[in-house]
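Numbering (our numbering), first residue to last: 5 to 620.
A portion of the hints provided could be inaccurate.
What the hints assert, rightly or not - Think about it this way: if two alpha-carbon atoms lie no more than 25 Å apart in a straight line, the pair counts; the simulated BS3-like pairs of lysine-lysine are:
(1) Lys141 with Lys530
(2) Lys121 with Lys376
(3) Lys57 with Lys251
(4) Lys305 with Lys326
(5) Lys343 with Lys530
The set of hints was computed from the structure by calculation and includes no laboratory data.
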Amino acid sequence: MSTYIPPQPNGMMTSAQPMMPPGMPAPQMPQPMPMPPQLPPEPDPRAWAKAWKRPDDWTDDFLITKFNKWDKTDNAHWGEWKEEARVNYDMVAGRQLPKEAKDENEEKGLVSITINKIDATISAVSGSEMSNQQETKYYPRETSTRGPDGRLSDVAASEVLTGAADWVRDETDQGDEESESFRDCLICGIGVTEGRMDYDIDPEGMAIPAERCDPLEFRIDAAARRPNASDARRLAREKAFGVEDAKDRFGEKVSEGGRQPSWERSAHTNNPGQEYKGNSVDAGGKDDVWICEYQWWELEKVHKVLNPMTGQLEELTEDEFKRLIIAMPEFEQSSASIKVRRYYRAFRCGNEILEVTPLPDEEFTYKFITGKLDRNKGVWYGLVRAMVDPQRLLNKQISQTQRIVDTNAKGGLLAESDAFEDQAQAENDWAASDTIVWTKPGKLQSGAVIPKPISPTPPGIDKLLMIAEGAIPSTSGVNAEMMGNVDRQQAGVVDVQRKEAAYGVLQSFFRSLKRYRKQRGRHTLKLITRYMTDNRLIRITGRNGNVQYIPLARQPSTAKYDVIVDESPTGPNQKDKVFQYLMMFGGPLLSKLNLPPEVWLKFLEFSPLPSALVQE
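Please take these sequences and the hints and turn them into a complete structure.
Put into structure tokens, the structure is as follows:
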């Protein structure tokens with residue numbers, strides 16, 4: 005039965021007094037979270053973006069020429085990678101036999117055997133990420149005034165922002181989307197998510213911090229080499245839309261039909277008796293419209309001018325600065341000119357430019373999780389690349405062994421034509437164990453009937469089969485302990501050490517994931533502070549574990565925060581590992597200290613107990 009909690013005088017809601025384990029000090033009633041200083045809502049956080057006008061020299065022909073040049077370079081760079089990525093996804097899904105080998109086996113009437121070990125390996129690593137998801141927190145870079153309780157207002161604001169980010173993450177299922185993108189990274193080397201504001205579901209606007217995107221839809225700057233493509237100057241995404249959906253989004257300029265990108269096309273196969281209907285495709289329908297989205301940044305010159313009214317430095321464009329100098333020439337000596345990045349986005353359908361707008365968040369809306377870098381080809385790859393050949397070798401050896409067993413003679417005979425009394429009866433009943441086949445007198449002694457010789461199994465085929473089976477975990481770095489299928493008895497310490505060794509091999513993927521979370525955390529902070537600070541009530545869990553509903557409003561210097569991400573996983577269950585350490589070493593020591601209740605509640609967050617029980 006739920007307990008009714010009456011509203012507090014300040015309009016906030018607090019949770020009931022938590023129950024503590026025996027022996028722990030009685031907790032005090034949690035105090036309401038202090039409200040930091042607030043500012044009135046800003047009507048337009050990025051006024052320059054709203055007032056932006058497309059430059060006169062950015063004509064449709066100019067942009068089409070620029071985009072065609074980018075497409076030519078990036079398509080050549082990523083073409084081979086996309087073919088490999090499609091093969092990797094097939095390998096994970098169990099379609100592991102090449103088409104030529106499959107057709108050859110069908111012609112010979114042979115059975116193609118597939119023992120899919122890649123899917124289990126990828127699922128083991130992906131599952132470890134799900135059970136050790138990291139938390140993003142915001143910490144202020146500078147301090148301001150102290151509140152009535154003596155706490156810095158920026159610290160209180162950071163708790164509100166961290167709680168708001170957790171609330172948005174739960175509301176939009178961000179953890180599930182990021183886990184799917186991390187799985188993409190393990191398979192093909194690149195995982196992609198999109199962060200944006202959504203007004204379709206919530207009219208007030210809901211930040212979508214991370215929405216998983218298909219990595220094969222993207223073309224990243226061919227010159228990008230840094231982890232998570234953080235040095236990319238441009239990117240493109242080509243996606244299929246229904247005609248009506250495209251017209252609702254971009255207007256009547258959308259042309260029907262569209263052209264399917266080369267990476268989504270497949271060769272046409274003309275089977276006898278089948279009507280020819282043009283080129284066959286793998287994805288989308290014939291009426292789909294393929295729209296390409298480009299995001300890029302340009303270095304533009306701006307002027308830093310001190311505003312005497314506010315005492316703050318403001319950025320002025322070249323045209324705005326020229327108008328200012330004409331009106332007040334004295335500002336020319338006190339200003340400084342620098343070059344800053346300006347981010348833009350354009351949508352294209354065929355040779356039509358549908359839309360060109362700036363990106364007001366000063367960064368790409370798409371964030372990448374990258375695997376290992378192939379330095380010579382300038383692309384990233386995942387775990388599957390190393391497991392493709394061992395998996396195919398394993399399937400081939402199993403199929404070959406099965407073929408040898410099936411084709412070896414079992415129960416066949418070499419007999420003279422007059423050896424049996426009834427030749428037809430001998431042909432039908434020789435292999436049966438409950439029948440008698442009569443031969444003519446003396447034929448058995450004379451050797452007229454002898455069994456067919458059985459071909460021996462080729463020597464070494466069992467060793468080759470063992471090598472093929474052991475090559476998959478050895479090339480991926482995911483050992484049997486991490487997958488939980490050890491077939492021997494070993495000490496628990498050895499099991500944990502071998503699991504941690506496997507995590508050490510995979511740290512390059514988890515470090516990219518941690519870097520991605522910091523990048524996504526910064527963008528989420530912008531979405532919350534610029535578009536959601538409209539005094540809506542946000543469910544916040546305070547430091548004492550108390551649940552409150554606080555209006556989300558703009559705070560001073562809300563953008564000046566460091567984004568901190570918890571440590572990446574180094575064991576099978578980081579949460580359980582921390583709790584065991586606390587109980588083994590910290591428990592005897594901490595029990596002698598008179599710790600406040602909020603400290604014990606903080607320890608419970610690392611316990612294996614259900615989160616709902618810890619909350620109560």
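Each hint, compared with the structure:
1. Lys141 with Lys530: Holds - the C-alpha atoms of lysine 530 and lysine 141 are around 14 Å apart, at most 25 Å.
2. Lys121 with Lys376: holds, 21 Å
3. Lys57 with Lys251: holds, 23 Å
4. Lys305 with Lys326: holds, 13 Å
5. Lys343 with Lys530: holds, 22 Å
Against the hints set out earlier in the document, no violation occurs for any number.
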